[in-house]
Amino acid sequence: GESVGLHLPTLSVQEGDNSIINCAYSNSASDYFIWYKQESGKGPQFIIDIRSNMDKRQGQRVTVLLNKTVKHLSLQIAATQPGDSAVYFCAEMGSNYQLIWGAGTKLIIKP
Amino acid sequence: DSGVTQTPKHLITATGQRVTLRCSPRSGDLSVYWYQQSLDQGLQFLIQYYNGEERAKGNILERFSAQQFPDLHSELNLSSLELGDSALYFCASSKQGANEKLFFGSGTQLSVL
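Read top to bottom, the protein sequences are chains A and B. Per my numbering, the first sequence starts with residue 18, numbered consecutively. Per my numbering, the second sequence starts with residue 0, numbered consecutively.
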């Protein structure tokens with residue numbers, strides 16, 4: 018079946034360093050992937066998305082990389098700030114056009 | 000602020016009871032999605048409506064039902080509540096209903112005692 022998995026449940030990063038959050042997916046036919054950020058007490062918030070015809074997409078301080086060969090997705094956050102502390106979810110567009118969500122990675126920023 | 004409004008923010012009730020969660024989507028969005036988030040399950044898709052019609056169903060229990068009204072607000076009804084139904088329930092909305100960028104509300108925290 019389809020599934021989206023995250024490599025690490027918790028990631029601790031020094032403030033100012035770059036963060037890399039990884040995600041594996043299982044459906045090679047998926048053509049849309051998306052990252053959400055969920056801060057404590059809030060709903061998930063869209064960060065960035067990417068379609069399968071792209072390998073890389075950049076936003077403000079964030080970059081998403083897609084490696085279709087190994088079915089791997091990553092979110093890179095440059096110059097991590099305290100406000101980046103949150104749980105990050107990757108999601109994959111499944112065969113029924115519904116999003117399949119990963120379990121989430123908690124990003125902790127060390128001062 | 001995402002523009003999606005959910006009420007109430009918190010709900011405490013007892014097993015066997017019935018509750019209704021309400022969601023108002025962003026202005027102009029036609030589709031509403033309901034999600035359940037519990038500690039050990041992550042985000043679980045329940046159901047989606049588009050312009051008043053049910054579009055997709057996820058892992059929604061038969062004890063749960065939802066509807067989207069002509070003014071596009073939506074309600075999620077949870078009945079015969081069990082302890083395991085305690086969770087955060089999110090509503091999200093999008094313009095076209097193709098699971099493009101979703102805008103989430105702040106959620107309703109349901110506690111079943």
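To be clear, the hints were calculated from the coordinates, so they are not data collected in a lab. One or more hints might be untrue.
To be verified - Simulated DEER-style distance windows between Cβ atoms: (1) A/GLN93 with B/THR19: 29 to 35 Å; (2) A/GLU32 with B/ASN76: 30 to 36 Å; (3) A/GLY76 with B/ILE11: 37 to 43 Å.
As the list claims (entries may be wrong) - Lysine-lysine pairs mimicking BS3-like chemistry, simulated, CA-CA at most 27 Å apart: (4) A/LYS73 with A/LYS88; (5) A/LYS127 with B/LYS100; (6) A/LYS127 with A/LYS85; (7) A/LYS123 with A/LYS85; (8) B/LYS8 with A/LYS73; (9) B/LYS56 with A/LYS127; (10) A/LYS88 with B/LYS8; (11) A/LYS59 with B/LYS100; (12) A/LYS73 with A/LYS85; (13) A/LYS59 with B/LYS94; (14) A/LYS59 with A/LYS123; (15) B/LYS8 with A/LYS123; (16) B/LYS94 with B/LYS8; (17) A/LYS85 with B/LYS8; (18) B/LYS94 with B/LYS56; (19) B/LYS56 with A/LYS73; (20) B/LYS56 with B/LYS100; (21) B/LYS94 with A/LYS73; (22) B/LYS8 with B/LYS56; (23) A/LYS123 with A/LYS73; (24) B/LYS100 with B/LYS8; (25) A/LYS123 with A/LYS88.
Glycine included, each C-beta is placed from N, C-alpha and C at the ideal position.
Hint-by-hint comparison with the structure:
1. Between A/GLN93 and B/THR19 the CB atoms are about 42 Å apart, so this pair departs from the stated range of 29 to 35 Å.
2. Judged by the Cβ atoms, the range 30 to 36 Å given for A/GLU32 and B/ASN76 is violated: they are separated by roughly 45 Å.
3. Checked against the hint of 37 to 43 Å, the pair A/GLY76 and B/ILE11 passes, with Cβ atoms roughly 39 Å apart.
4. For the suggested pair A/LYS73 and A/LYS88, the alpha carbons sit about 14 Å apart, so the restraint of at most 27 Å is met.
5. The hinted pair formed by A/LYS127 and B/LYS100 fails the criterion: a straight-line CA distance of about 30 Å is larger than 27 Å.
6. Only pairs whose Cα atoms come within 27 Å are accepted, and A/LYS127 paired with A/LYS85 is rejected, the gap being roughly 32 Å.
7. Pair hint A/LYS123 plus A/LYS85 holds up; C-alpha atoms about 24 Å apart against a cutoff of 27 Å.
8. At roughly 38 Å between alpha-carbon atoms, B/LYS8 and A/LYS73 are farther apart than 27 Å, so this suggested pair is violated.
9. Distance check on the hinted pair: B/LYS56 and A/LYS127 sit about 41 Å apart at the alpha-carbon level, beyond 27 Å; violated.
10. The hinted pair formed by A/LYS88 and B/LYS8 fails the criterion: a straight-line CA distance of about 38 Å is larger than 27 Å.
11. The suggested pairing of A/LYS59 with B/LYS100 holds, with an alpha-carbon distance near 17 Å, which does not exceed 27 Å.
12. Between A/LYS73 and A/LYS85 the CA atoms are separated by roughly 11 Å; this keeps the pair inside 27 Å, and the hint holds.
13. As the CA atoms of A/LYS59 and B/LYS94 are separated by approximately 21 Å, the hinted pair is consistent with the 27 Å bound.
14. Proximity of A/LYS59 to A/LYS123 is assessed by CA-CA distance (about 14 Å); at most 27 Å being required, the pair is judged to hold.
15. Only pairs whose Cα atoms come within 27 Å are accepted, and B/LYS8 paired with A/LYS123 is accepted, the gap being roughly 23 Å.
16. Pair hint B/LYS94 plus B/LYS8 holds up; C-alpha atoms about 24 Å apart against a cutoff of 27 Å.
17. Taking the CA atoms of A/LYS85 and B/LYS8, the gap is near 40 Å; set against the 27 Å cutoff, the hint is violated.
18. Distance hint between B/LYS94 and B/LYS56 is fulfilled; the C-alpha atoms sit about 18 Å from each other, no more than 27 Å.
19. For the hint pairing B/LYS56 with A/LYS73, the CA-to-CA distance comes to about 32 Å; that exceeds 27 Å, so the pair is violated.
20. For the hint linking B/LYS56 to B/LYS100, the alpha-carbon distance of about 19 Å falls within 27 Å, and the restraint holds.
21. Under the criterion of a C-alpha separation no larger than 27 Å, the hint pairing B/LYS94 with A/LYS73 is consistent with the structure, at around 25 Å.
22. Taken as a hint, the B/LYS8 and B/LYS56 pair is honoured in the structure, with Cα atoms around 24 Å apart against an allowance of 27 Å.
23. About 23 Å separates the Cα atoms of A/LYS123 and A/LYS73, which keeps this hinted pair within 27 Å; it holds.
24. Restraint check: the Cα-Cα separation between B/LYS100 and B/LYS8 comes to about 23 Å, which is no more than 27 Å; the hinted pair holds.
25. With a C-alpha separation of about 21 Å, the suggested pairing of A/LYS123 with A/LYS88 holds against the 27 Å cut-off.
Going through the hint list in order, the structure does not satisfy hints 1, 2, 5, 6, 8, 9, 10, 17 and 19.
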